[in-house]
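Chemist: Chain B: place on chain A using the hints.
Chain order of the listed sequences is A and B. Take the first sequence: its letters are residues 115 to 206, numbered as in the numbering used here. Take the second sequence: its letters are residues 13 to 106, numbered as in the numbering used here.
No wet-lab data here; the hints were simulated from the structure. Take these hints with a grain of salt, some might be off.
What the hints assert, rightly or not - Computed beta-carbon distance windows for the label pairs:
no., chain 1, residue 1, chain 2, residue 2, range
1, B, L21, A, A178, 17 to 27 Å
2, A, F175, B, R46, 24 to 34 Å
3, B, F77, A, D203, 24 to 34 Å
4, B, L92, A, V191, 14 to 24 Å
5, B, G18, A, P177, 21 to 31 Å
6, B, F77, A, Y198, 15 to 25 Å
7, A, V171, B, R43, 21 to 31 Å
8, B, E71, A, L141, 29 to 39 Å
As the list claims (entries may be wrong) - Quick look at which bits of chain A chain B covers, simulated, 3 or more residues with Cβ under 8 Å:
no., segment
9, 126 to 136
10, 142 to 148
11, 186 to 197
For every residue, glycine included, the Cβ atom is placed at its ideal position computed from N, Cα and C.
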Amino acid sequence: MDGLMDIGLLVYTLCAITSLACAVLLLRAYRRARQRLLLWSGLCFCGLALNNVLLVVDTRFAPASDLSMVRTLPALVGVSLLLYGFIWDADA
Amino acid sequence: MRDTTGLMLAVAGALAMGYALAALFFTRFWRRTRVALFGWFALAFALLAAQRLALILFEVPPDAFPWSHVVRLAAFLLILTGIALQNRAPRGSR
Numbered sequence: 115m116d117g118l119m120d121i122g123l124l125v126y127t128l129c130a131i132t133s134l135a136c137a138v139l140l141l142r143a144y145r146r147a148r149q150r151l152l153l154w155s156g157l158c159f160c161g162l163a164l165n166n167v168l169l170v171v172d173t174r175f176a177p178a179s180d181l182s183m184v185r186t187l188p189a190l191v192g193v194s195l196l197l198y199g200f201i202w203d204a205d206a
Numbered sequence: 013m014r015d016t017t018g019l020m021l022a023v024a025g026a027l028a029m030g031y032a033l034a035a036l037f038f039t040r041f042w043r044r045t046r047v048a049l050f051g052w053f054a055l056a057f058a059l060l061a062a063q064r065l066a067l068i069l070f071e072v073p074p075d076a077f078p079w080s081h082v083v084r085l086a087a088f089l090l091i092l093t094g095i096a097l098q099n100r101a102p103r104g105s106r
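Extracted from the complex, chain A is given alone in its bound form (with noise of 0.2 Å):
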């Protein structure tokens, strides 16, 4: 069980550190390129790196609450703002 949880914290780990590695390289290469599509891009991975560093706050500091809704809302302005980038403002 122990293990199983271990497994599950690093697991969780490296989604928040891949993640927040996709938006810091996004972001640097919307500053080089100035493709508009890599700024939302970008934006929206901040809000899943968001969501994951809270899911490893959420398991590894609070696991007696239950922080699901406030961890999924990040997520969802990122995905929200990306498709926003889409709709209006897609230069690809």
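Modeler: Here is chain B on its own, set in the frame of chain A:
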């Protein structure tokens, strides 16, 4: 306190739909431009949509192996792979 299960399901459903729409938009951009990065994004967002749908449809016991989050991790790794390949490609082939 009010039961928020219904609201949670609505938010999760909206998120799954958002990911699926993003996958479709990226597929369209990839077909139009043939830029490989858009293809990687399309695959990754399709995985994220499937993962979110699985979380809605199947109840996962708290002590189970977190397969759905392994799928999520795979989606992020696909994006990182796409970005790395894009950065390595010569300018003309992007």
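Chemist: Run the structure past the numbered hints and jot down the numbers of the failing ones, going up.
Modeler: 2, 3, 6, 7, 10
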